[in-house]
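As a plain string of letters, each chain reads:
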Amino acid sequence: MKELVEYIARSIVNEPDAVNVNEETNEEGITLKLTVADDDKGRIIGKQGQIAQAMRTLLRVKAAKAATRVRLEIM
Amino acid sequence: MEIPEQQREIFETAREILERLLEMMDLPATVALCEEFTVLDDEGNAASIGLNIEGEDLGILIGRRGQTMSSLQYLLRLMLARKMETRIPIVVDVEGYKQRRCEGLRLLANRLAEQVRTRKTPFTMEPMTAFERRVVHLALADHPDVYTESTGLGEARKVVIAPKKIQAY
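Protein chains in written order, with our numbering: chain A, 1 to 75; chain B, 1 to 169.
Hint data in this document are derived by calculation from the structure and do not stem from the laboratory.
Certain hints may be false.
Said to hold, decoys possible - Calculated lysine-lysine pairs in the DSS-like style (CA-CA distance at most 30 Å, straight line):
#1 A:K47 <-> B:K83
#2 A:K47 <-> B:K158
#3 B:K158 <-> A:K33
#4 A:K2 <-> B:K158
Unchecked claim - Computed footprint of chain A on chain B, listed as stretches where at least three residues anywhere in the stretch have a Cβ under 8 Å from a Cβ of chain A:
#5 31-45
#6 53-63
#7 77-83
Said to hold, decoys possible - Between beta-carbon pairs, the in silico distance windows are:
#8 A:D38 <-> B:R111: 18 to 28 Å
#9 A:D39 <-> B:L108: 40 to 50 Å
#10 B:R157 <-> A:M75: 26 to 36 Å
#11 B:G44 <-> A:N26: 53 to 63 Å
#12 A:A37 <-> B:I3: 51 to 61 Å
#13 A:N26 <-> B:E16: 56 to 66 Å
#14 A:Q50 <-> B:A141: 26 to 36 Å
#15 A:T68 <-> B:D42: 44 to 54 Å
#16 B:G44 <-> A:R71: 46 to 56 Å
#17 A:D38 <-> B:E5: 17 to 27 Å
For every residue, glycine included, the Cβ atom is placed at its ideal position computed from N, Cα and C.
Input sequences plus hints: build the corresponding full structure.
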């Protein structure tokens, strides 16, 4: 899961090296915690959260295929 | 159909990014040029580039009301804009879904226009996405008897087809 978010995030921020994704699995599914440079936060959230929402949509497809659930948190 | 030289690099890069995304989603598929959504301007340059995702069992990539497909298109445009510093609209289709939907919408638009013309009362369509509304507006742009406009906000925005002249009684 984490590679997908990393790939997308790195492609749209100004500081790709500052992108970090932490993946945790528990009984509820997978939680991804995405951190980026402060100045890049707006770039991965987007207007009215549109970019974050689009990333969640793609994650949901991948999670559905793996029969699990995924949460994306932007730290 | 050949992509003009100037836009070839944009197309190739878009295809690479999209195939990479699909691979990471565990849905390996191939991406081909979609002629329907690749539009050339008067000088022969591409004004928009259409990409069609081809493979088996891709319904999951379309999503409810095409939502997953829209997310893919939205992210791809962003990623491409960063990489290429260009703003050519990219249209992502899955298994020709959007193309079929467009053809269906054009037929529907013309049928409704005929109904509006004979009944002389406006007709309001179901809420649709910006792209779908555009298809309807364009389909009826040159219609002699009806005009179209969009009303409502956000998710609920819909097209109204109305008669051009109000008959005097």
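Hint-by-hint comparison with the structure:
1. A:K47 <-> B:K83: holds, 20 Å
2. A:K47 <-> B:K158: holds, 22 Å
3. B:K158 <-> A:K33: Given pair K158 of chain B, K33 of chain A is violated - Cα atoms ~37 Å apart, limit 30 Å.
4. A:K2 <-> B:K158: violated, 38 Å
5. 31-45: Coverage by chain A is violated here, the residue count being 0 at a Cβ distance below 8 Å.
6. 53-63: As far as the stretch 53-63 of chain B goes, the hint holds, because 3 residues have Cβ atoms under 8 Å from chain A.
7. 77-83: holds (count 4)
8. A:D38 <-> B:R111: 18 to 28 Å: Violated, at about 54 Å.
9. A:D39 <-> B:L108: 40 to 50 Å: holds, 46 Å
10. B:R157 <-> A:M75: 26 to 36 Å: holds, 34 Å
11. B:G44 <-> A:N26: 53 to 63 Å: holds, 56 Å
12. A:A37 <-> B:I3: 51 to 61 Å: Distance hint for A37 of chain A, I3 of chain B is violated at roughly 36 Å.
13. A:N26 <-> B:E16: 56 to 66 Å: violated, 35 Å
14. A:Q50 <-> B:A141: 26 to 36 Å: About 29 Å separates the Cβ atoms of Q50 of chain A and A141 of chain B, which means 26 to 36 Å holds.
15. A:T68 <-> B:D42: 44 to 54 Å: Given about 51 Å between the Cβ atoms, the range holds.
16. B:G44 <-> A:R71: 46 to 56 Å: holds, 48 Å
17. A:D38 <-> B:E5: 17 to 27 Å: violated, 41 Å
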